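Asks: Listed here are the chains, written in short residue letters.
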Amino acid sequence: MKKTSLTVFVLLMLISILVTACGGATTPAPTAEPVGEAPAATEAPAAATEAPAVAASNLPAEITLAAVHDLSGATALYGTAIQKGIDLAAKQINEQKFLGEGITLKIIYEDAAGDPKQAIAAYEKLIANPDVAVILGPTLSNEAKSADPLAQEAGMPVIASSNTASGITEIGDFIFRTSLPESAVIPNTIKVTKAALGLTKVAVMYGNDDAFTQSGYDVFKAALEAEGIEILTEETFAKGDTDFSAQLTKIQSLAPDAIVVSALAEEAANIMVQARTLGIPETIRFIGGNGFNSPKLAEIAGTAAEGAISGAAWNVASTVPASATFVEAFNAEYGANPDQFATQAYTAAWVAALAIKNADSVDHAAIRDALTQITDFESPLGMFSFDANRDPIHEPVVLAVTNGAFDVFKP
Amino acid sequence: MFWQQVVNAIWLGAVYSLFALGYTLIFGVLGILNLAHPSLYMWGAFIGLVCVTTLHLPIWLALPVAMLGSGILGILLDRIAFKPLRARHAPHLATLISSIGASIVLVNIAQGIFGAEVSRFPFDIFPVHVFNFGGVSVTLLQLTILGISLVIMVALRWLIMGTRQGQAMRAVAYNTVTAARLGIPVDQIIMQTFFIAGALAGAAGVLLGLAFNSISPFMGGPMNLKGLTVIVLGGLGNIEGAVIGGFILAFSEVMSVAYLSSDLRDAVSFVLLLIILLVRPNGLLGHSSTKRA
Amino acid sequence: MNMLALKRVTRHFGGLAAVNEISFEAESGQVTGLIGPNGAGKTTLLNLISGLDQPTSGEIHFLSQPIHKLPPHKINQLGIARTYQNIRLFAEMTVLDNIIVGMHTQGKASLLDAALMLPGYRAEEKRLREQALQLTQRLGLEKFKDTPADALSYGDQRRVEIARALATHPKFLLLDEPAAGMNDAETARLGELILSLAKEGLTVLVIEHDMPFIAQVCDHVVALNFGEVIARGTMDEIKANPLVVAAYLGEEESANA
Amino acid sequence: MLKVSNLCVNYGAIEAVRDLSFEVKAGQVVAIIGANGAGKSTTLNTIGGLISPASGKIELEGRDISGLRSDQIARLGLAQVPEGREVLATLTVEENLRLGAYIRNDHQAIEADLQSMFERFPILKTRRKQHAGLMSGGEQQMMVVARALMARPKLLTLDEPSMGLAPLIVNQIFEIITEIRAQGVTLLLVEQNARKALQVADYAYVLERGQLAYAAPAAELRDDPKIVAAYLGE
Amino acid sequence: MNVFSEFWATYSSVVQFALINMLLGISIYFTLYTGLLSLANAGFMGIGAYVSAVLTIHAGTPLPVSLLAGALSAALIGWLLGLPVLRLREIYLAIATLGFGEIVRITAVNFDKFSGLNLLGGAQGLSGIPKLTTPGALLFVLIILSIFLVQFHKSRAGRALAAIRRDESVAATMGIDVYQYKMLAFVLGAFVAGLAGGFSAHLTRFVGPTDFSFNAAVNILAFAVLGGTLHWSGAMVGAAILTVLPEALRFMKEYRGVVNGVIMVLVIIYLPHGLINPKWFQRVFSKRRAQ
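Protein chains in written order, with the working numbering: chain F, 1 to 411; chain A, 412 to 704; chain B, 705 to 961; chain D, 962 to 1195; chain W, 1196 to 1486.
Hints in this document: simulated from the structure, not taken from any laboratory. Here the structure is a predicted model, which is why all the values come from computation and not from measurement. Hints are not guaranteed to be accurate.
What the hints assert, rightly or not - Covered stretches of chain A (chain W as the covering partner; in silico rule of three or more C-beta atoms under 8 angstroms from a C-beta of chain W):
1. 421–435
2. 498–508
3. 519–530
4. 680–687
Ideal placement from N, C-alpha and C gives every residue a C-beta, glycine not left out.
Using the sequences and the hints, build the whole thing.
Replies: Below, the structure written as structure tokens:
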């Protein structure tokens, strides 16, 4: 009995080894020459009136973008918002015939479920698919750190729209992102609020077991030190915690000028509610990063969120002209306001389309080169460019909750 | 600060105890570690939420409805995931796994129906009022929940210790064969136990959902490990133990944040769990292991 | 000389004394019988001797060494082996494998020896297997050697248990109702086996309800009731003892006798 | 009252009870005696619904109960005093007794019965708030008998009530059995203590290796050498 | 061949994850085979992953050295943990080992902060691990382990473990030092889990503290439940199926999880011994022999 199962096992392994050998031999190597053109990229995507300048196109009739996002699991929240942004962009691109007459953009989605392993599996499948021009994603920085190296090795351009941790674009020259890293948002927030509120001493709270919130904390800490603001205490909590009163009681006893919080909106909302309940006065404001920037904050915290300050890449209150057009289109499509994830994903899809158009090719290296050339693209995020590290450049905003919604912070 | 922290700990302790009661009840009667208990808690919160938002019921009515709903879910859970195993005297491992599988199903169905987002009860569902006693603040909601928790704990104790039903449950817990000989319908008692445990989980779900504004399909996860610590501290299957364990965990967590470092909060609870298991595996109040021989 | 000595051994369960201040000795090379009605504390006593349970008070000495605080595997390694009243074989394992498990302490091969298939390991395995086969022959189990233990009849399972206990090379063998479930012929053969083992120098303590069997094999009998020794002596002496008769047939008999 | 016909019970491949038929008439005390392993307890547990018979029929007051669960049979009027006592050790003595009356709903009568049990067994009254597991063996046996009586059974089965008990206690137990009998409860008794059993019984069955060996009025068996042989050999 | 290479290009990582999970299946097999309900294997995997990754990154050690160091560290911690917890039984052991997994996670999160070193990356995890894991290396280790397992079952130690699982006290009265042998199984399981952790770190290039929490422990347990623990190949088969299943169920979208849970419940209820039950083989073979 044991003998047979062993035989079967050995057979299986032999087949696998065979497969391995073949796989090794046929790994595609990027061969195409980079296309040496540098088009001026100044199209306004949301402005449907502008007629696209159609030249003889080298593009195939159908161009495939792949999106690897968390459509199930605890982080599906973000993945589904992102999906809406991408879908809207694709719809507009196709309606405007942006890529040229008869050329359509198709999006295929793969679910990573918040699991780096599934992200790797999805990337592998997509890299093997010769139709895929660009990968949009993944949702989490953890997934990016595991899966992006595969794309880099295979020469597949990746545009992330929700990774804000450091070290993402450092993976290689095929990795781009439209999400402003915390390091580009937070120092500005601290600077602006210090000037406006005269901060000298603050308390810091952050989720210490989550990559996003911990990375936000790192940046906050550096920014606070740079501005010479004293950190009275650093209190931590864990993902899924709901009771923060012990930490807040401690903070209350230290009487800070403000409480700096690196947390996701749901946790931040509870922190605010509990702080106000404990009697921490509204003059002690909450300052946060991208995590705050969600309609959920005021939705859950209600009046306790009033006055909370958030540095962000974008908000629905943004005064950027393209933003208003986008918000309107999004509302028409989904009947709700977009959040920052949807907006950055929308921008990522447009940037991909623009690069493909400018490259006039679906060759991966050509698209990558075209991506690096994108400057002053008029996006809902503002005038958008990639810097030398393939990180986005655009003006971050400082927001404050006013009457139950984020508005631009006015000191 | 100290007295505010004491208040924080009492409040949190009541919350932990409330959650742990049903958890420990199932173990006490059936010897099952029901890892799907946190999912019933989550479902209780959602049922309460639906009652309030869709059916526009007042919260005092939503609570019993949610308890009823999660109690029925508890019965279903037993019929589907545990009863077939009981019938063939499956080992502990089997029931543990079955409860994990059931928990995965319950969480994923909730996610399919309600989405992954965090929801909360509407603001006006409960009046916001903060009492201030010499710098120590307590809300009306906290006091109410504390009160309801205490009432539930006392009621459960009375049910278990003072009623015929409770005696029958304890008889089943001690020895199903003897219980059956006395004419106690064992299967029915087990069903009732699952109903009560489910209802307790549902009550905890609604009340904690009300207190912490974070109702989501994943709300059971973090509570699960805390709940395990609580019931082990008090002795698996021990009702009073769950209450005492809840307060011990809450005090050690709150005080570790207050006087050590909040980084150590979770570490403190798990180290506590390990120490208790090694020093007194039957918990602080547990009987000797002969109880379930 | 006595091989096993119990000194005022007591075991309480909750408020009940299952074994109460029991003292007796088992002589080397003899077969000692332990009789008494159900609930008299016989099996509890066997558990105390074999280390599965510890006495509440009192001492147990084996070959003049105190063993009442030792773990069961140490006690076995000193030379005490046992069988169980409610047969406890390794159910899905074959008869031969059950016996080879009993030879655990005779093996020396480490896991590494086995993994690397070193010659010493193979020689040892071969040796153990042969010894196990001899045991199956001795107990008339050779035709079942590859049968899963739970597929055998009661009587055969009892013999496998004895073989497994003998496989540990004991000096002292504890048998808990070895004849239960056996037919007359099997019981007679079992008696012969025990006598021949005793002749070879093995000391035996046997619990049994089958009185003719006890009479056949035992040199010395200890009778227990309600956790205490009520009589000791030869079987004839025991049978004549009014306390024993009362324990079995009812107290009236002692009054009548 | 109870009629057992052609009962066979197997444990796996082992036949514990083979083709057993007997009867217990209302008001009688019937004893089943035999050596260890003869199948006595198996028979009682099968009647009590804890073991499913392989074949045969068990009737209680003319109703076939062989397919029923233990608790259903209890509701039909069968109370059991099991071997090894089976006290609910973590419950108090009073709770144990009250659970004996679980199948009843006549609250006042239950209270009255409880008081009468305390009168009959004064030791139980002094220990009523104690955990049952802390009592001595004899006290536990009294309590289990009292617990069974709390059900006001039509038929009471006792499985080795004298097991592991000191002679003085055994005498008390049998006195109680006699009393119960006097109250008109039908009794089915399994005993190792044959003399005692035969003294209180009207009729007796002797089992050997799962089969019926003798059946006779108890008085006839009382001084029969066969009984001595069944226990002590020869 | 073309089909194969296409398949490989698309699914090579899935195959490698399956192989790693098969290692994890073996690791939990050791403990379950001995009757120990341990949920510590995810924690051991984490220890193996972190230790091997830190060595590769900071000391530049070659893969075999890193893997071995990771596995040995896991085994050492396993031994230290086993000293107290192996005295616990059943559910208590499960809870204690579950608590251990959480302690590993909390340690990983806080290590850098409290040590002042920059080694494990806290909550952000450790990235930039070179991809050194190859299918060949994984297969090699699996083959070695399979041979080991076959030998193990025929060995004195293997028999002792089997006896302990069936009846601990009887095994003890046969002279088997139950505690030491439980420790052997526990440490072997820790070693193999540590090995799997090392492979995983060098395949996903990333180690994060959340990868080894409660869910991971449950997944590993599920391998053994699905495949069965009556035969050493059971947990491996279970691991392979459960790795491929999420990929195969992609079409189910958000209800993938429900299917996973339902499978667990159904298997435990209707296939209590898992998919691989030696008795079936025996039956098939005896039929063949009869013909």
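Asks: Count residues of the segment 680–687 of chain A with a Cβ under 8 angstroms from any Cβ of chain W, then say if the count reaches three.
Replies: holds (count 4)
Asks: Can you tell me if the segment 498–508 of chain A counts as covered by chain W, using C-beta to C-beta distances under 8 angstroms and a minimum of three residues?
Replies: holds (count 7)
Asks: Can you take a look at whether the segment 421–435 of chain A is actually covered by chain W? Rule is 3+ residues, C-beta closer than 8 angstroms.
Replies: violated (count 0)
Asks: If you count the residues of the segment 519–530 of chain A with a beta-carbon closer than 8 angstroms to a beta-carbon of chain W, do you get 3 or more?
Replies: n = 4 at 8 angstroms, threshold three: holds.
When the structure is compared with the earlier hints, a violation turns up for hint 1 alone.
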